Amino acid sequence: MTSPATFYDVFRQQGISRRSFNKFCSLTAASLGLSPAFASEIAHAMETKRRTPVIWLNGLECTCCSESFIRSGHPLVSDVVLSMLSLDYSHVLMAAAGHQAEAALEETRREHAGEYILAVEGNPPLNEDGMFCIVGGRPFIEQLQEMAAGAKAVVAWGSCASNGCVQAAKPNPTQATPIHKVIKDKPIIKVPGCPPIAEVMTGVLTYMLTFDRIPPLDRLGRPKMFYGQRIHDKCYRRPHFDAGQFAEAWDDENSRKGYCLYKMGCRGPTTYNACSTVRWNDGVSFPIQSGHGCIGCSEENFWDNGPFYERLASVHTPLGVESNADKIGVATVGVIGAGIVAHAAASALQRARNPDNAAKTGAGE
Amino acid sequence: MASTSESSKKSQGLLHSLVSHATEVESPATKVYVYETPVRLWHWVNALCIVLLCVTGYLIAAPPPSVPGEASFSFLFGNIRLIHFAAGEVLALALLYRVIWAFIGNSHAHQIFLPPVWSIKWWGEVWHEVRWYLFLVKVPKKYVGHNPLAQLAMFGIFVLPLFVSVFTGLALNAEGEGIESLWYQAFGWVFALLGDSFTVHTIHHISMWVIIVFSMIHIYVAVREDIMSRQSLVSTMISGWRYFKDDKE
Ligand code: HEM
Ligand code: SF4
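From first to last, the protein sequence lines stand for chains B and V.
At position 312 of the first sequence the residue is numbered 312 (our numbering), and the sequence of numbers has no breaks.
Just remember that our numbering sits 1000 ahead of the position in the second sequence, which is counted from 1.
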């Protein structure tokens, strides 16, 4: 493979002006939460660094991550990032197909061993020796392990790769397994979301390429700059939450007034993501702004914590009846209360029938 | 006063008698000092906090009807949560204090934390108590502290869920403070352990119902025993002294 040109060379080849380039650098610095001084550092890195090869694998997934990625709305990013990376393999975006494509993959693996970034969209199913997801005639798990062995770092795109997502929801028949449970010996950057925000995806890659290190991660392995706060912490409906003003039904007076969607099941208080700050589609909106509660798509187990439109998750009882914590609680209190009444009645009866013994009953609590 | 009361008044630390068998009394004194002041104080502070936490906790998950008017004129939900967090922190500190006391207090002070589940004799006594509550045994045994069944219930449906609600509660509180906070550094591991924040909410919530069910049984049994049994209960948690009604001086 020919040695990739620097990022800046590629930008210029694409007809991007110096001015737009500088603008991109300062916007990137801002979106990464860095001080303006870093803009020149980013520019310098882009002018001198060679493009880093990126391999983009797809396992069990729906391609929403790729779809989100290509809509990155920051100035030029949808064009630029594709050229910035040397995207050597990607089912969705590459021109090659079949054996040609697999050959390109093999070539990167050999010639850029230890240098390339492995971006994984989706996850491998482990049941039946991985037969539920076949790529290039082989179980995906084999391709994943092979490519991870030579990678510098692994980026787990989306909730599938980070947490398992819908295919790993109970009962997980194919045993779909998130990347960090399969690849143990490489740094893994989780970028959860279903899909992740486009600018978050490009932001994470830009950080890694320019600073040549992985971004600071939180306890669960997510980049702090995008997953450091909950939706709820920066939600513009938060004053209604604190005041105690909630939409009580879809399209009622309160929801038209833009009250908090907590009672309608909003998962903002338990969801770490940047939607309420970065927003979607070039900052146009995000679910809560459009009147729909957050479903917590970037959180682990979010499919199992449904229903999305109720505050409490359904809890599966041993009897197979679906319920929630409050319903189970109230029912238990009822049963125990009835038991207490019956026991009290029986005690009184015994005492009445056998007054001599009365003083002798009881055993100290 | 009989001599047993003097000896049980003396502090016997946890190290002194690691096995916290309930003490069955053969020939008891008329009154015995059971619950020391720190234990009684904890009991009532804890009870008050639990009432506040259950009411506000329930409302946190099922908020009251919306307040009218501008958002800036009301802080209703904020206040409900504030009371919850404040009571939660008091309860957590009180529990810490109680755990420390288990090490330095008398032999009853660590009973609820350490049921001797490894002792076959003890399980036999639990079974005896079960039959007694089912009216199958006529004459109960007498205990200075908790009877074995009560000890098991205290541990299983009270002490454990209380620890669960405290740790999950402190973790949820840490989230509010932010992931860079000291709180989060101290309690963030709860999320790594349980997976996600919402599951932590659900577990925190379920532990509330376990504690409510325990409290119902606890209050019923305490009042019933106080009326029907051979010893005092409710007043014991106030004065610390257990009286045996059928003993003559
Ligand atoms: C007897 C003990 C307690 C009970 C019964 C209790 C009850 C509850 C309940 C029912 C909820 C609602 C959960 C949901 O979202 O479904 C809740 C939330 C919460 N509790 Fe507790 N709790 C207790 C102790 C504590 C403690 C010790 C703390 C620590 C300070 C604490 C802090 C919190 C926090 C931070 C929330 C989340 C509030 C929010 O998301 O707005 N709780 N509690
Ligand atoms: S709408 Fe959701 S995220 Fe926003 S304040 Fe209400 S509960 Fe929090």
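Calculated from the structure, these hints are not laboratory results.
Take the hints with a grain of salt, since some may be wrong.
Unchecked claim - If you want the footprint, here are the derived chain B segments under chain V, 3+ residues with CB under 8 Å:
hint	segment
1	104-114
2	164-178
3	240-254
What the hints assert, rightly or not - Below, a sample of chain B positions facing chain V; criterion: calculated Cβ distance under 10 Å:
hint	residue
4	Gly228
5	Tyr262
6	Tyr272
7	Val315
8	Ile340
9	Ala344
Said to hold, decoys possible - Quick look at which bits of chain B chain V covers, simulated, 3 or more residues with Cβ under 8 Å:
hint	segment
10	51-63
11	325-339
12	346-354
Because the structure is a prediction, the values reported are computed rather than measured.
The C-beta atom is built at its ideal place from N, Cα and C for all residues, glycine as well.
Each hint tested on the structure:
| no. | hint | result |
| --- | --- | --- |
| 1 | 104-114 | violated (count 0) |
| 2 | 164-178 | violated (count 0) |
| 3 | 240-254 | holds (count 9) |
| 4 | Gly228 | 6 Å, holds |
| 5 | Tyr262 | 7 Å, holds |
| 6 | Tyr272 | 8 Å, holds |
| 7 | Val315 | 7 Å, holds |
| 8 | Ile340 | 5 Å, holds |
| 9 | Ala344 | 7 Å, holds |
| 10 | 51-63 | violated (count 0) |
| 11 | 325-339 | holds (count 8) |
| 12 | 346-354 | holds (count 4) |
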